[in-house]
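Asks: In case you want the letters, here they are:
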Amino acid sequence: MTCAVSLIWWAFPEGLSTARTLGIVLGWAGCSLLLASLLLMLRETWLAQWLGGLERMYQWHHWTGTTAYVLLLAHPLVLAADVWPNSRLLAWQTLSPFSQGWPIWAGWLSLLLLMLGLAATFIMRIPYQIWRLLHFGLGVGVLLGFVHLVLLGISEPVLPILGLAASFLGWRLIRDDFGLAARPYVVGSVKSVAEGMVEISLKPMAAPAAITPGQFVLVAFLGPTFRDCGEFHPFTVSSNGANHEICIVVKALGNCTRHIQSVEPGAMVRVHGAFGTFLADRPPTPQLWVAGGIGIIPFLALLRTGPVNQPTTLLYLYRAEVDAAFLHELQVIAKGDQLLSLKALATGDKAPDLNSLLSDTQGLANYECYLCGPRGMVAALRKDLHNRGVTPHQIHFEKFEFR
Amino acid sequence: MRRLYLSATLIFWLLVTAFWVGSLWLPPAEKNVAIAVDKSISPTELAKHTAPENCWVAIRGNVYDLSAYLPEHPSQPDILLPWCGKEATEAYNTKSKGRPHSPYADELLVKYRIGILASGKP
Numbered sequence: 001m002t003c004a005v006s007l008i009w010w011a012f013p014e015g016l017s018t019a020r021t022l023g024i025v026l027g028w029a030g031c032s033l034l035l036a037s038l039l040l041m042l043r044e045t046w047l048a049q050w051l052g053g054l055e056r057m058y059q060w061h062h063w064t065g066t067t068a069y070v071l072l073l074a075h076p077l078v079l080a081a082d083v084w085p086n087s088r089l090l091a092w093q094t095l096s097p098f099s100q101g102w103p104i105w106a107g108w109l110s111l112l113l114l115m116l117g118l119a120a121t122f123i124m125r126i127p128y129q130i131w132r133l134l135h136f137g138l139g140v141g142v143l144l145g146f147v148h149l150v151l152l153g154i155s156e157p158v159l160p161i162l163g164l165a166a167s168f169l170g171w172r173l174i175r176d177d178f179g180l181a182a183r184p185y186v187v188g189s190v191k192s193v194a195e196g197m198v199e200i201s202l203k204p205m206a207a208p209a210a211i212t213p214g215q216f217v218l219v220a221f222l223g224p225t226f227r228d229c230g231e232f233h234p235f236t237v238s239s240n241g242a243n244h245e246i247c248i249v250v251k252a253l254g255n256c257t258r259h260i261q262s263v264e265p266g267a268m269v270r271v272h273g274a275f276g277t278f279l280a281d282r283p284p285t286p287q288l289w290v291a292g293g294i295g296i297i298p299f300l301a302l303l304r305t306g307p308v309n310q311p312t313t314l315l316y317l318y319r320a321e322v323d324a325a326f327l328h329e330l331q332v333i334a335k336g337d338q339l340l341s342l343k344a345l346a347t348g349d350k351a352p353d354l355n356s357l358l359s360d361t362q363g364l365a366n367y368e369c370y371l372c373g374p375r376g377m378v379a380a381l382r383k384d385l386h387n388r389g390v391t392p393h394q395i396h397f398e399k400f401e402f403r
Numbered sequence: 001m002r003r004l005y006l007s008a009t010l011i012f013w014l015l016v017t018a019f020w021v022g023s024l025w026l027p028p029a030e031k032n033v034a035i036a037v038d039k040s041i042s043p044t045e046l047a048k049h050t051a052p053e054n055c056w057v058a059i060r061g062n063v064y065d066l067s068a069y070l071p072e073h074p075s076q077p078d079i080l081l082p083w084c085g086k087e088a089t090e091a092y093n094t095k096s097k098g099r100p101h102s103p104y105a106d107e108l109l110v111k112y113r114i115g116i117l118a119s120g121k122p
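Keeping their order, the protein sequence lines are chains A and B.
Read in the working numbering, the first sequence has 89 at position 89, and its numbers run on one by one without any break.
Read in the working numbering, the second sequence has 122 at position 122, and its numbers run on one by one without any break.
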C-alpha cells in the first residue's frame, strides 16, 4: 500500500482535467499493486516469516493482483471518458489500438493477458499444467504493461520499475521454480501407511532445512533415477528427527502424487522451505484439534516431539478404516499422555456431526480450535464451531492452496 | 474475488462496446470539426512562440498552438518543449525509434490548429 501511495504521489499529474488525472492515477495505482503482487509470489522462507506466512502472502498476492486488474481496466475507460464530451470519435480513438500505435497495442495485450490469466484462476477448471502456463502469461502481461509506459515516452520512473518487475519474475523462476533455493536430500525409506498413502523419509545431503512441527516443505523429485512432474509440491512434514532426517506423507490424489508412491530409497529430492505457521504460537488454553484424512499429519508431527502442554482433544476423522493412517501410533501416544484425548471415527462420505462427537466437551467457547482437512470439512466445521460460540479468532486453519 | 473479476470484466467490455457504438453516431458538428480558419503564419511569427505557456509548432504545413496540450502529452516535457516555435514535421513523423505518431494523435492535433505555415516568406 505504501509502495502504491508513494508511486502515485511521485507521478501525480498537475494541471489536467479531473477525469484525465483520475485515469492516470488509476494506471499508476494498478502498476504499483502489480509490482507488490509480484513480490508476494516469491517463495522465500525469510520473506514468508516477515509477512506472516506463505498462505497469507498468497492471499495478499491474489488481492493485490485482482485489485490491480480492476484499476487497470478502469484506466483506459476513464481516459476515454475525459474526451467524450468534446468528441465521441476521439474518445473511441483513445481506446482503440487500431487507431493508435504500439504503445496502445502493448497496453491492450497486457490487459488481455491479465484477463486470460485471471480467468484461468477464477473461472476455468483446468489441469494444473495449463493453469501454470496461463499464470505465467500474467507475468508477461505485467511486463507488457510497463513496456506500454516506456513506449509512451514515460521512461524515468518506469525503467527502474520494469527492471524490478523482471527481477521478481526471474527470481521466482530461477530460485523457486527451477529449485535453486531448494536443498538436496535423498530418500531414506518408503513406508505404506494407508491405502494410497506413503511416508517417505528424507536425509539431508547438505545443510538441512529449519523445520518446526506443523510446517510444510515444497518437494520435487528431480534425480536421474526417479523424476516426478518436474515441479515443487507442498507436503506437510510428519517428523523431524534429531539427525535432521525428515519425513513427508504423500497421498495419491493426482497423476504426480500417484507416481511418487513408487519412489525407492536412494532417489534424489530437492526440498524448499519450511513454510507455514499453522501450529505456531499456541496459547496455553484447552485445545480442540480436528483432522480429516491426511490432515492428521501436522498434529502427528507435533505429538511425535513429546507430550502436549495443555488439555487437548484430537478428533481424527477418516472415510474408512483403510484410510486411518497412523491410528495405532496415535492411540499409543494418547495412552501415554494424560492431557491428550483421542477420538477417531470413520465417517464414510457423510459430513461429521460435531454435536454428537463433542457432546462431552464442555465450554467449547474457551477452546482454541485447529482444523486441518479437506476444504468442505473445514468450512462445515467452522460454521458448526461458530454456532457453538467459538469466535473466528479461536479457529485456526490453513487452506494449503497455492494456485 | 471471483465475483469482482467477473463483474469488472463484464462492465469493461460493455463500456468498450458503448464507446465504439458512440463513435459511429457522430453529431454533425463533430464531422466538420477539422474546418478551421486558414490563417497564414510566417516562420518569423512562429519562432516568437517558444515558451511552454505559448507554444506554437508547425507540422506538415499546419501551425498548432499546443500550449494547452503540453501538460497532457504522455512523454517528458523536455521531449516536446524544444520544438516550440519550430517546424517539427520530422520529429513528429519519427517519434520513439523512428515510428510516426498514431492516427489518434493526428486527430488530436486538429483541435489545436490555428493556421497554415506560410512558405517562402519570412
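Bear in mind the hints are in silico, worked out from the structure with no lab data behind them.
Keep in mind that the hints are not guaranteed to be accurate.
[Said to hold, decoys possible] Chain A stretches covered by chain B per the calculated footprint, using a threshold of three residues with CB under 8 Å from any CB of chain B:
1. 113–123
2. 208–222
3. 288–301
4. 371–384
[To be verified] Simulated restraints, written as ranges between beta carbons of each label pair:
5. Lys86/B x Gly52/A: 24 to 34 Å
6. Ile11/B x Arg175/A: 18 to 28 Å
7. Leu51/A x Val110/B: 22 to 32 Å
8. Arg2/B x Gly241/A: 37 to 47 Å
9. Leu51/A x Lys86/B: 50 to 60 Å
10. Phe12/A x Arg60/B: 32 to 42 Å
Given the structure is predicted, the values throughout are model-derived calculations rather than measurements.
Built from N, CA and C at the ideal position, the CB exists for glycine as well.
Asks: Can you name, in rising order, the numbers of the hints this structure does not satisfy?
Replies: 2, 3, 4, 5, 6, 7
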